[in-house]
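Protein chains: 6
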Amino acid sequence: MSDQERISRFGHVELRELPEDLQVRVGAIAERSGFVPNVFRALGRRPAELRAFLDYHDALMERSDGLSRAERELVVVATSAANHCTYCVVAHGAILRVRTKDPHIADLVANNPHAVELPARERAIVDLALRLATASATLTDRDLDAARQGGLTDDEIWDVGAITALFAMSNRLAHLTALRPNPEFFLMGRLPKG
Amino acid sequence: MSDQERISRFGHVELRELPEDLQVRVGAIAERSGFVPNVFRALGRRPAELRAFLDYHDALMERSDGLSRAERELVVVATSAANHCTYCVVAHGAILRVRTKDPHIADLVANNPHAVELPARERAIVDLALRLATASATLTDRDLDAARQGGLTDDEIWDVGAITALFAMSNRLAHLTALRPNPEFFLMGRLPKG
Amino acid sequence: MSDQERISRFGHVELRELPEDLQVRVGAIAERSGFVPNVFRALGRRPAELRAFLDYHDALMERSDGLSRAERELVVVATSAANHCTYCVVAHGAILRVRTKDPHIADLVANNPHAVELPARERAIVDLALRLATASATLTDRDLDAARQGGLTDDEIWDVGAITALFAMSNRLAHLTALRPNPEFFLMGRLPKG
Amino acid sequence: MSDQERISRFGHVELRELPEDLQVRVGAIAERSGFVPNVFRALGRRPAELRAFLDYHDALMERSDGLSRAERELVVVATSAANHCTYCVVAHGAILRVRTKDPHIADLVANNPHAVELPARERAIVDLALRLATASATLTDRDLDAARQGGLTDDEIWDVGAITALFAMSNRLAHLTALRPNPEFFLMGRLPKG
Amino acid sequence: MSDQERISRFGHVELRELPEDLQVRVGAIAERSGFVPNVFRALGRRPAELRAFLDYHDALMERSDGLSRAERELVVVATSAANHCTYCVVAHGAILRVRTKDPHIADLVANNPHAVELPARERAIVDLALRLATASATLTDRDLDAARQGGLTDDEIWDVGAITALFAMSNRLAHLTALRPNPEFFLMGRLPKG
Amino acid sequence: MSDQERISRFGHVELRELPEDLQVRVGAIAERSGFVPNVFRALGRRPAELRAFLDYHDALMERSDGLSRAERELVVVATSAANHCTYCVVAHGAILRVRTKDPHIADLVANNPHAVELPARERAIVDLALRLATASATLTDRDLDAARQGGLTDDEIWDVGAITALFAMSNRLAHLTALRPNPEFFLMGRLPKG
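Chains as they are written, first to last, in this note's numbering: chain A, 1 to 194; chain B, 195 to 388; chain C, 389 to 582; chain D, 583 to 776; chain E, 777 to 970; chain F, 971 to 1164.
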């Protein structure tokens, strides 16, 4: 029903057009994924911004302690769903399916992050993310206490909050650019391996 | 991440436990689909309500004139997305994929019905549906005129409005019962036939 | 201040123009009321939809067990007030006055269903209805527990929820059609009998 | 369904307990109405505030030029409906019925001020009132221009705005005190004279 | 960045153009402040309204018992911030700084009244004010109980509520007139005396 | 009224505790400002995140072409006001005063970014920022066209959007940490030089 040509309202660059350091960095991602995620082609118009974006992303999404990788993706999907960001839900929904090996969880979280049934720790993670994504001005110590009661350490609370904040930015960049998800994301993690 | 046992907060009935007329009717659907959609197992506790629900559904979703089948499903997915109804988005998203043979459209509409790029007629359909789903008290003649300018006849406007209204009901029944989508829906229409 | 001619944006049919089964059915209502409620004249353009509407209505509003008749009308008035549906508040406000023999209750509920002082059971009924009418996506088990603490059985909770859902539909149909209340409703139940 | 004893959360005073000037002033209103409107009994606890309230009310509601008396009451009912203030809708709805000799207009405006069909001038009045009542921070010159196009002079625009502002206050005082409408208001203006 | 000439959308009057009693009254304020606050120049077009406004203001803001002067200004700043009223925040923020001798409190309250850290009694005052300013229709006894637990007497609760209501009016008058703050207010109370 | 000791809910680090590259970088800012802005002390707990934050900030706020420095700060103040972020409004309001040499503009924008009178180009900047800050999911080509009509190039639109997105993140980090503004910010740019 919709034409799939345009990637971004502001045009895009191809991998080979990026500065060399970004070619290496985005190239490594492309190799793992099998394609260049469109966010890098759209943000690549402004290399300094893409570089900072990647740095921030890696600092939060690839930390080895605290939240698990799957939990970090859960924050992204819940936040992006609350913000109605199609690109981020589709792309990170795919990663969440891969990380959890659960082919349904991303759709359940994306359609209704407020009410999806989750174990207590994950519920606490999602509740905090939704609060900060949609009503951060009224966040109080009570919200942090609820997260602690859900089993989060203060460092994990920072992770949830900072990832939510990062995607408050990413979601808006995707809306600004009308960013299209790569077709490959839609099916990723939905089929049993083998 | 979530246990998939419970179908509804209020329990459910199996096909064989339904009154005979409903067994025949729901049985036919199950045969086409390959499984009994959970909504019928959950509403089956109250046969008179399920019967009226099916009648209303068929009167609107299986009309032969006016909106196409795909357009009717588009209304359902947009409305259900606006209402954050997981069951209806997952189930009718599957049907929308099947009807349109487009494996991506349901996810694009569901994640952001407000901004998904659509041809003018479909945009007019979705705009009217969203208006009535989320702010019906302020609907005015201007909204209907916009739909007419998008190419809809008055009978088609009624269809869009009535389907939106029907799913205002269905979505709330799904939320009331915490209705779970059947696992089969998630993958339906995502893979090329053959 | 407003012209009272037009009943619906989409025109209407008179009783004699309905299919025979609906003539009998709506005729019986008209006999009891003394007039044909406009909703039937407006929906009568589409007999199959009117038939399903009446079936659904009767299945929920004329059940003999569970909620009392007055309580069912209370749900309708509170829901329709939350949705700002003039037709439904005026028509069912009239029925609520008749059922409760209280000439004020409908106006009190309609003007502010959130804060009207009610006995605990009725408060629980209205709270659940408002929740489902206006924010169903965030309904949780806690809302159902609150209803249970207000004295509702699970079957009564279903009734409240399903009636609220039915009027989520009716209210939107009334908004779609700009449905006018019959003049007779406004005064009904306001004067002492005798 | 609700006990009708308490008038205000903060108690009330009777006419005879008011300072003499207020006895005269409220007494004259009571003579015209046939009863002491509860707002004066509730605010009478603080005579200086009641005096200022009456002064402000009279300065705006009893001006002889500009808006008609009926139009002033229309502003009050629309504003109070938007604020869900039961006391003010019931009391001023009664006055609106009396002023317009239209037994239905108050209920139509109160249930849905946004969509009630009104002549262009009255629509412009209500639109401006609703804008200022519910979203005054985003009022712009465009809103005033729309009012001018609806036929309002600048002095009439001030009237609409100032009456809306006065009832932004009154509605909140009624909510603060949980003010009950006098039973007499409910039927006033609903029956033909004779 | 913005031209500072126009005081109000509806023009204004100078002190000498006011009726004599208002010249005396506003003159006294001007003498204390060193300038005529613009609100009096804008409202002065309608002397009866300005008189009632001053009476109401004095009845609530200059009471000698109950809330302290600083607490009354705290209510005004929190309410006006919730309503995004620039004039009232700038003018009463200045007075709050003067009353509290705290050069920062007004900005902290104005930017985020919901989350600014305050002692328990002040928190209770602000919470009640925000509730009534932004969602008065759903105010319940629980809100008043919370205020009592914060240390407020019922008379102080009335003060908070009535001041909030008064500024629900004032804020809307300022929005109606696009009222400009006098330049003198911005710096008042920000510098140490001496 | 509030104790000014705690800078962040999660503690903070001093300049000398930062990694050397950050000491140099933040030290240069501190030298220019006369103090270490608290945001760097709070984010300094996580050097990799602070580094990416500074990179992103500089890439957007210190570009030499497109929006002027003052315009970039205008975006920050408007966005942060819409998000009720006290730290960002106070800190960047100070910078906006310095950049514009206008002691009032920051307070006018912060109190009501929606209605503050601004020249057409600045109005277009603020409108786009507010749209993306508070309702990015419904951003359409029409919003971008409005920005173009206000005189913005596509590159300037990207700037406005990306700065808004960056502060969607910053504002949430400030809310997460309950970040306190340094006292020095409050008075900066309010007094004439000399």
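Incorrect hints may appear among the rest.
[Unchecked claim] With a straight-line cut-off of 25 Å between C-alpha atoms, the simulated DMTMM-like cross-links for lysine to aspartate or glutamate are:
1) C:K489 / D:E766
2) E:K877 / F:E1154
3) E:K969 / E:D831
4) C:K581 / D:E766
5) C:K489 / C:D531
6) A:K101 / A:D58
7) C:K489 / C:E402
8) D:K683 / C:E572
9) E:K877 / E:E790
10) B:K387 / A:D102
11) F:K1163 / E:D834
12) C:K581 / C:D490
13) D:K775 / C:E419
14) F:K1071 / E:E960
15) F:K1071 / F:D1113
16) E:K969 / F:E1154
17) A:K193 / B:E256
18) C:K581 / D:D684
19) B:K295 / A:D58
20) E:K877 / E:D917
21) D:K775 / C:E450
Just so you know, the hints here were simulated from the structure itself, not pulled from any lab data.
Tested hints:
1. C:K489 / D:E766: holds, 17 Å
2. E:K877 / F:E1154: holds, 17 Å
3. E:K969 / E:D831: violated, 32 Å
4. C:K581 / D:E766: Holds: K581 (chain C) and E766 (chain D) sit about 17 Å apart, inside 25 Å.
5. C:K489 / C:D531: Since the Cα atoms of K489 (chain C) and D531 (chain C) sit roughly 30 Å apart, the hinted pair is violated (cutoff 25 Å).
6. A:K101 / A:D58: Holds, at about 22 Å.
7. C:K489 / C:E402: violated, 31 Å
8. D:K683 / C:E572: holds, 17 Å
9. E:K877 / E:E790: violated, 31 Å
10. B:K387 / A:D102: holds, 24 Å
11. F:K1163 / E:D834: Violated - the C-alpha atoms of D834 (chain E) and K1163 (chain F) are around 39 Å apart, more than 25 Å.
12. C:K581 / C:D490: holds, 12 Å
13. D:K775 / C:E419: Measuring from Cα to Cα gives roughly 28 Å; hence the hint is violated.
14. F:K1071 / E:E960: The given pair, whose Cα atoms are some 17 Å apart, holds under the 25 Å limit.
15. F:K1071 / F:D1113: violated, 30 Å
16. E:K969 / F:E1154: holds, 17 Å
17. A:K193 / B:E256: With a Cα-Cα distance of about 38 Å, the restraint between K193 (chain A) and E256 (chain B) is violated, given a limit of 25 Å.
18. C:K581 / D:D684: holds, 24 Å
19. B:K295 / A:D58: violated, 37 Å
20. E:K877 / E:D917: violated, 34 Å
21. D:K775 / C:E450: violated, 38 Å
Hints 3, 5, 7, 9, 11, 13, 15, 17, 19, 20, 21 from the earlier list are contradicted by this structure; the remaining hints agree with it.
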